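S.K.: Sequence:
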Amino acid sequence: NVESKDPILSLQDISRLDIVINVPEQILISAKEPEFYQFVAVFEVAPDRNFPLEIKEYKTEADPKTQTYRAVFTMQAPDDLRVLPGMTTTVIVTEKPAAKSASPASPTFLVPVTAVFSDELKKQYVWIVEPKTLTVQQREVKVGELTQQSIQVLNGLQVDERIVTAGVHFIQEGMKVKLFDSKAGY
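Positions 4 to 189 (the numbering used here) are the ones given, in order, by the sequence shown.
Think of the hints as simulated: they come from the structure by calculation, not from any bench.
Here the structure is a predicted model, which is why all the values come from computation and not from measurement.
Even for Gly, the Cβ is constructed at its ideal location relative to N, Cα and C.
Mixed in with the good hints there might be a few duds.
Lysine to any residue pairs mimicking SDA-like chemistry, simulated, CA-CA at most 20 Å apart [stated by the list, open to error]:
id, residue 1, residue 2
1, Lys145, Glu57
2, Lys135, Ile166
3, Lys99, Glu148
4, Lys145, Ser121
Pairwise CB distance ranges (calculated) [what the hints assert, rightly or not]:
id, residue 1, residue 2, range
5, Ile95, Ala65, 48 to 58 Å
6, Glu6, Lys125, 43 to 53 Å
7, Ala65, Met90, 25 to 35 Å
8, Thr69, Asp16, 27 to 37 Å
9, Gln70, Glu47, 22 to 32 Å
10, Glu6, Leu124, 49 to 59 Å
11, Val94, Lys125, 19 to 29 Å
12, Ile11, Lys125, 41 to 51 Å
13, Ile58, Val180, 29 to 39 Å
14, Val48, Pro134, 20 to 30 Å
15, Ile174, Gln70, 11 to 21 Å
Put together the whole structure using the sequences plus the hints.
M.R.: This is how it looks when you write it as C-alpha coordinates:
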(Lines of atoms letter the chains of each structure in order from A; the text may use other names.)
(Lines give C-alpha, C1' and ligand atoms only; values in the text may rest on other atoms or scores of the structure.)
Protein backbone atom coordinates (compact mmCIF):
# COMPACT_ATOMS: atom_id res chain seq x y z
CA ASN A 4 0.00 0.00 0.00
CA VAL A 5 1.35 3.38 -1.02
CA GLU A 6 0.20 6.38 0.96
CA SER A 7 0.11 9.95 -0.25
CA LYS A 8 3.61 11.52 -0.21
CA ASP A 9 5.32 8.12 0.22
CA PRO A 10 8.40 7.81 -2.01
CA ILE A 11 7.96 5.18 -4.70
CA LEU A 12 11.35 5.59 -6.36
CA SER A 13 14.80 6.66 -5.20
CA LEU A 14 17.43 7.74 -7.74
CA GLN A 15 21.13 7.97 -6.94
CA ASP A 16 23.85 9.59 -9.03
CA ILE A 17 26.89 7.37 -8.51
CA SER A 18 29.20 9.26 -10.88
CA ARG A 19 30.43 11.19 -7.82
CA LEU A 20 30.53 9.69 -4.35
CA ASP A 21 30.32 11.44 -1.00
CA ILE A 22 32.17 9.99 1.98
CA VAL A 23 31.03 11.10 5.41
CA ILE A 24 33.26 10.75 8.47
CA ASN A 25 33.05 11.95 12.05
CA VAL A 26 36.26 13.56 13.28
CA PRO A 27 37.05 13.31 17.00
CA GLU A 28 37.61 16.56 18.88
CA GLN A 29 41.16 15.49 19.86
CA ILE A 30 42.18 15.34 16.20
CA LEU A 31 40.33 18.41 15.02
CA ILE A 32 41.56 20.70 17.77
CA SER A 33 45.19 20.30 16.70
CA ALA A 34 44.52 20.33 12.96
CA LYS A 35 45.21 23.15 10.56
CA GLU A 36 42.81 24.37 7.89
CA PRO A 37 41.83 21.71 5.29
CA GLU A 38 43.97 23.23 2.51
CA PHE A 39 47.11 22.07 4.35
CA TYR A 40 46.15 18.40 3.91
CA GLN A 41 45.64 15.81 1.21
CA PHE A 42 42.85 13.29 1.59
CA VAL A 43 42.56 9.83 0.03
CA ALA A 44 40.03 7.02 0.33
CA VAL A 45 40.95 3.35 0.59
CA PHE A 46 38.09 0.93 0.02
CA GLU A 47 37.99 -2.54 1.60
CA VAL A 48 37.30 -4.01 -1.86
CA ALA A 49 40.61 -2.51 -3.16
CA PRO A 50 42.94 -2.04 -0.17
CA ASP A 51 46.03 -1.52 -2.34
CA ARG A 52 44.62 1.57 -4.12
CA ASN A 53 44.20 5.20 -3.02
CA PHE A 54 41.51 7.46 -4.45
CA PRO A 55 41.96 11.25 -4.13
CA LEU A 56 39.26 13.10 -2.21
CA GLU A 57 38.18 16.72 -2.09
CA ILE A 58 36.66 18.18 1.02
CA LYS A 59 33.08 19.14 0.25
CA GLU A 60 31.95 20.50 3.61
CA TYR A 61 32.59 20.21 7.32
CA LYS A 62 30.70 21.17 10.44
CA THR A 63 32.11 23.57 13.00
CA GLU A 64 29.68 22.42 15.67
CA ALA A 65 30.11 19.09 17.47
CA ASP A 66 27.45 16.42 17.50
CA PRO A 67 26.11 16.66 21.07
CA LYS A 68 26.01 12.88 21.54
CA THR A 69 29.35 11.81 20.03
CA GLN A 70 31.35 15.05 20.42
CA THR A 71 32.62 14.56 16.86
CA TYR A 72 32.57 16.87 13.87
CA ARG A 73 31.04 15.75 10.58
CA ALA A 74 33.19 16.09 7.44
CA VAL A 75 32.00 15.25 3.93
CA PHE A 76 34.46 14.38 1.17
CA THR A 77 33.67 13.83 -2.48
CA MET A 78 35.36 11.87 -5.25
CA GLN A 79 34.85 10.89 -8.84
CA ALA A 80 33.61 7.29 -9.03
CA PRO A 81 36.39 5.07 -10.41
CA ASP A 82 35.75 3.64 -13.89
CA ASP A 83 37.43 0.31 -13.15
CA LEU A 84 36.01 -0.43 -9.68
CA ARG A 85 32.39 -0.74 -8.66
CA VAL A 86 31.99 1.45 -5.58
CA LEU A 87 28.48 1.99 -4.26
CA PRO A 88 26.93 4.12 -1.51
CA GLY A 89 27.24 2.45 1.88
CA MET A 90 30.48 0.58 1.16
CA THR A 91 33.15 0.69 3.86
CA THR A 92 36.11 2.99 3.33
CA THR A 93 38.99 4.49 5.25
CA VAL A 94 39.95 8.15 4.84
CA ILE A 95 43.68 8.82 5.13
CA VAL A 96 44.79 12.37 5.90
CA THR A 97 48.37 13.54 5.34
CA GLU A 98 49.92 16.97 5.47
CA LYS A 99 50.87 18.37 2.08
CA PRO A 100 54.68 18.34 1.70
CA ALA A 101 54.84 22.11 1.04
CA ALA A 102 53.24 22.80 4.42
CA LYS A 103 55.94 21.04 6.46
CA SER A 104 58.57 23.26 8.02
CA ALA A 105 60.73 21.09 10.27
CA SER A 106 64.44 21.31 9.67
CA PRO A 107 66.10 18.01 8.75
CA ALA A 108 68.35 18.24 11.82
CA SER A 109 65.53 18.43 14.37
CA PRO A 110 64.07 15.12 15.56
CA THR A 111 60.38 14.45 15.03
CA PHE A 112 58.18 12.40 17.32
CA LEU A 113 54.96 10.45 16.93
CA VAL A 114 52.79 10.98 20.02
CA PRO A 115 49.21 10.01 20.91
CA VAL A 116 46.64 12.47 19.56
CA THR A 117 45.35 12.87 23.11
CA ALA A 118 48.68 14.44 24.19
CA VAL A 119 48.31 17.56 22.01
CA PHE A 120 45.88 20.36 22.76
CA SER A 121 45.24 23.83 21.35
CA ASP A 122 44.38 27.26 22.66
CA GLU A 123 41.91 29.75 21.24
CA LEU A 124 44.60 31.01 18.82
CA LYS A 125 45.00 27.46 17.41
CA LYS A 126 48.54 27.08 18.78
CA GLN A 127 49.34 23.48 19.75
CA TYR A 128 50.82 22.46 23.09
CA VAL A 129 51.87 19.45 25.17
CA TRP A 130 52.46 19.12 28.90
CA ILE A 131 56.12 18.30 29.68
CA VAL A 132 56.72 16.35 32.91
CA GLU A 133 59.71 17.66 34.90
CA PRO A 134 61.47 14.43 36.00
CA LYS A 135 62.69 15.54 39.45
CA THR A 136 59.54 17.21 40.75
CA LEU A 137 56.93 15.43 38.57
CA THR A 138 55.32 18.80 37.85
CA VAL A 139 54.12 19.83 34.40
CA GLN A 140 54.85 22.78 32.19
CA GLN A 141 53.04 23.73 29.02
CA ARG A 142 55.15 23.87 25.86
CA GLU A 143 54.20 24.97 22.36
CA VAL A 144 54.88 22.40 19.62
CA LYS A 145 54.61 22.31 15.84
CA VAL A 146 52.58 19.37 14.58
CA GLY A 147 52.66 17.50 11.28
CA GLU A 148 50.84 14.46 9.95
CA LEU A 149 47.86 12.90 11.68
CA THR A 150 46.97 9.23 11.81
CA GLN A 151 43.98 7.67 13.54
CA GLN A 152 45.68 7.62 16.94
CA SER A 153 48.94 9.57 16.58
CA ILE A 154 50.16 13.00 15.59
CA GLN A 155 53.63 13.91 14.44
CA VAL A 156 55.43 16.58 16.50
CA LEU A 157 57.90 18.37 14.21
CA ASN A 158 59.53 20.55 16.85
CA GLY A 159 59.14 21.51 20.49
CA LEU A 160 60.09 18.16 22.02
CA GLN A 161 63.47 16.72 22.97
CA VAL A 162 64.66 13.13 23.21
CA ASP A 163 63.98 11.55 26.64
CA GLU A 164 61.32 14.09 27.66
CA ARG A 165 58.10 12.75 29.16
CA ILE A 166 54.75 14.17 28.15
CA VAL A 167 51.22 13.84 29.49
CA THR A 168 49.09 11.67 27.19
CA ALA A 169 45.73 11.62 28.97
CA GLY A 170 43.58 14.23 30.65
CA VAL A 171 45.47 17.20 29.17
CA HIS A 172 42.44 19.48 29.45
CA PHE A 173 42.25 18.95 33.22
CA ILE A 174 45.86 19.90 33.96
CA GLN A 175 47.25 23.28 35.00
CA GLU A 176 50.75 24.73 34.88
CA GLY A 177 52.90 23.47 37.78
CA MET A 178 50.50 20.68 38.74
CA LYS A 179 52.11 17.56 40.22
CA VAL A 180 51.39 14.33 38.32
CA LYS A 181 51.93 10.63 38.88
CA LEU A 182 53.70 8.50 36.26
CA PHE A 183 51.81 5.57 34.79
CA ASP A 184 53.43 2.22 35.59
CA SER A 185 52.44 -0.13 32.76
CA LYS A 186 53.66 -3.19 34.67
CA ALA A 187 51.63 -2.38 37.77
CA GLY A 188 48.64 -1.08 35.79
CA TYR A 189 48.53 2.36 37.45
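S.K.: Check each numbered hint against the structure and report the violated ones by number, ascending.
M.R.: Hints 1, 5, 14 contradicted; others consistent.
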